[in-house]
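Those protein sequences? They're chains A and B, same order as listed.
Quick note: the first sequence uses the numbering used here, first residue 323, plus one each step.
Quick note: the second sequence uses the numbering used here, first residue 323, plus one each step.
Hints in this document: simulated from the structure, not taken from any laboratory.
Watch out, some of these pointers could steer you wrong.
Because identical chains share one entry, a pair is satisfied inside a single copy or across any pair of copies.
Unchecked claim - Result set (DSS-like, lysine-lysine): computed pairs, CA atoms no more than 27 Å apart in a straight line:
no.: 1; residue 1: 459; residue 2: 364
no.: 2; residue 1: 501; residue 2: 520
no.: 3; residue 1: 459; residue 2: 501
no.: 4; residue 1: 520; residue 2: 325
no.: 5; residue 1: 501; residue 2: 600
no.: 6; residue 1: 364; residue 2: 600
no.: 7; residue 1: 324; residue 2: 501
no.: 8; residue 1: 365; residue 2: 501
no.: 9; residue 1: 600; residue 2: 459
no.: 10; residue 1: 600; residue 2: 520
no.: 11; residue 1: 325; residue 2: 600
no.: 12; residue 1: 324; residue 2: 520
no.: 13; residue 1: 365; residue 2: 520
no.: 14; residue 1: 325; residue 2: 501
no.: 15; residue 1: 365; residue 2: 600
no.: 16; residue 1: 364; residue 2: 324
What follows is the residue order along each chain.
There are 2 protein chains.
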Amino acid sequence: MKKFLNNVDDVIRESLAGFTAAHRDIVRLGEESKFVRRRELKKGKVALISGGGSGHEPLHGGFVGHGMLDAACPGAVFTSPTPDQMAAAAQSVDTGGGVLYIVKNYEGDVMNFEMAAELAEGEVARVITDDDVAVEKSTWSTGRRGVAGTLVVEKIVGAAAEQGRNLEQCRALGERVNKATRSLGVALTSCTIPAAGKPTFQIGDAEMEFGVGIHGEPGRRRVPLAPARGIAQQMAEAIGGDFGTSRGACLLLVNGFGGTPAMELYLMYENLRAHFEKQGFSIARSLVGNYVTSLEMAGCSATITLLDDELTRLWDAPVHTAALRWGM
Amino acid sequence: MKKFLNNVDDVIRESLAGFTAAHRDIVRLGEESKFVRRRELKKGKVALISGGGSGHEPLHGGFVGHGMLDAACPGAVFTSPTPDQMAAAAQSVDTGGGVLYIVKNYEGDVMNFEMAAELAEGEVARVITDDDVAVEKSTWSTGRRGVAGTLVVEKIVGAAAEQGRNLEQCRALGERVNKATRSLGVALTSCTIPAAGKPTFQIGDAEMEFGVGIHGEPGRRRVPLAPARGIAQQMAEAIGGDFGTSRGACLLLVNGFGGTPAMELYLMYENLRAHFEKQGFSIARSLVGNYVTSLEMAGCSATITLLDDELTRLWDAPVHTAALRWGM
């Protein structure tokens, strides 16, 4: 294992310390490093909290700030945070508007956020994201997995909360965005969890994992590595097919898993764009980069969110976080 | 070689097409894909142009936009662009204020930008960056190499040009920022150039390349992999030592080479911060991420720029590019 670290047990703590120091104008660290929260809170605003296993950075800590999340709870690598972390985050950032938990659909996360909701003193609601069309159920989830589309839910609901919508409105909007969102990922290599010290899975030099999950868990099938346009076509067909006959203006997010260079992500964007347009999607907004990662895994995912005028305005609204910043 | 691509010869063209489509609100592609330029030009402003081999993305195309570059010329992977590309870019974006070329100190780049300057019809000046303290001369450079500090020069001079400074003022400022900037990089793995199809260099499982260049070219020495705090200490001592007795407020840029996840970059930031502060530097501004990369190489570099009030204001000034965006 070749990684920049001191002790395996200190990786998350040291990394969080660096993150909050580098972005101290935006975030600060909660007590006992249980969560990352916004430096400035807005009284009465619905508080948006997400979290999940570490190793997907910048998700979720990098999305804490104006126009997006109020707090993020990082678990150990690829391991759900505890209900205790989530409840502490809620107590810290709920300023009277209630708390909306945004939870990726993995069993551990869903259960722990449920327990956190029971511990809560204020009003609590939740949105569960399940945008991954690869599988109907997986090793770690009942039903579809929540993957890169979670970013879109956090951005759009974050903007709505900033504009003063109440808890029920934010929850309903989150469900609507999740329903309008589909993703699919492809991995070329595995990643290595620091505590494991060796790759999560083995994959041949001429193979790829089609429909991979963001922890490297298996997807639809192990297939031969193909040219980019062939991969893009399969991804676009899987996503487009899952939308049924729904077409129209959309956001295309091409998300790197951590180990794929920008040059290849933009090449994939170009190939995906062509295939989605051929299917009748009209790409109105784009985002390309490493946003929902699996440590240093090589690979990428495509996410489409169907946009109407309201969702487009909320996507475009100002955001000021470590990883997404525009309009301010 | 496991990469997302169709034909090796089309990688740059397809990637540029994707880049300019995804960011069509900011950039457009020049004739024959010779350069990427700002969508909107400002009459009479000094035009900032940079360029170099591809494979370092987002450098330089990702830094084209308001408050930074006017055009960027991408060569083949790790190969200088041609004088023809640079001259075409100059003709396209010079609106009467003259052209400032910002050139990383590599022999091919310096020679080709020199030839481009001779072809120019308008007024032309140049700044050569040579911030890498690793070596006094290298395989590909006479004198020190220009590496991640180039980003800082482009950002600060970009802000000054936006504010109306003339060509000579921009050139002098660029030289001043370059002189106030020092970098050093460490690689854990090699990268693979698509046309080569195999890793640029071999490195053992327990080794790292200390002082590596951004093309994977050798640095100071091949040493055993060490804990992050030891690596950070060596990097901070090399950079701090090179500054002599100069200390004070600074920018710390922790730059990933492409294959190192955010978790490790922030962990390195935390360790570097501690060592630089111990040496008497006061970190006033921070930037952490993949900005000046070597395709998918695992590793990172540290850059320190000493800041005064003027440089701090120019660093903070609004910027709107694909890869750096704040204040607007």
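Results of checking the hints against the structure:
1. Taking the shortest alpha-carbon separations for residue 459 and residue 364, neither the intra-copy value of 38 Å nor the inter-copy value of 54 Å comes in at or below 27 Å.
2. Taking CA atoms no more than 27 Å apart as the test, residue 501 paired with residue 520 passes in neither setting, with 36 Å inside one copy and 43 Å between copies.
3. Only within a single protomer do residue 459 and residue 501 lie at most 27 Å apart by alpha-carbon distance; the minimum there is 17 Å, versus 57 Å between protomers.
4. Both within a single protomer and between protomers do residue 520 and residue 325 lie at most 27 Å apart by alpha-carbon distance, with minima of 11 Å and 22 Å respectively.
5. For the homomeric pair residue 501 and residue 600, the shortest alpha-carbon distance inside one copy (22 Å) is at most 27 Å, but the shortest distance between copies (51 Å) is not.
6. In the homo-oligomer, the alpha carbons of residue 364 and residue 600 never lie at most 27 Å apart, since the shortest distance is 44 Å inside one protomer and 37 Å across protomers.
7. For a Cα distance limit of 27 Å, the shortest separation of residue 324 from residue 501 qualifies neither inside one copy, at 40 Å, nor across copies, at 33 Å.
8. For the identical chains of this complex, residue 365 and residue 501 are neighbours neither inside a copy (30 Å) nor across copies (46 Å), given an alpha-carbon limit of 27 Å.
9. In this homomeric assembly, residue 600 and residue 459 never come within 27 Å of each other (Cα to Cα): the closest approach is 29 Å inside a single copy and 51 Å across copies.
10. For the homomeric pair residue 600 and residue 520, neither the shortest alpha-carbon distance inside one copy (41 Å) nor that between copies (35 Å) is at most 27 Å.
11. Taking the shortest alpha-carbon separations for residue 325 and residue 600, only the inter-copy value of 24 Å comes in at or below 27 Å, while the best intra-copy value is 42 Å.
12. In this homomeric assembly, residue 324 and residue 520 come within 27 Å of each other (Cα to Cα) both inside a single copy, at 10 Å, and across copies, at 19 Å.
13. Neither within a single protomer nor between protomers do residue 365 and residue 520 lie at most 27 Å apart by alpha-carbon distance, with minima of 46 Å and 56 Å respectively.
14. Proximity of residue 325 and residue 501 under a CA criterion of 27 Å is satisfied in neither setting, with 38 Å inside one chain copy and 32 Å between copies.
15. For a Cα distance limit of 27 Å, the shortest separation of residue 365 from residue 600 qualifies neither inside one copy, at 47 Å, nor across copies, at 39 Å.
16. Neither within a single protomer nor between protomers do residue 364 and residue 324 lie at most 27 Å apart by alpha-carbon distance, with minima of 42 Å and 47 Å respectively.
This entry does not satisfy hints 1, 2, 6, 7, 8, 9, 10, 13, 14, 15, 16, going by the numbered hints stated previously.
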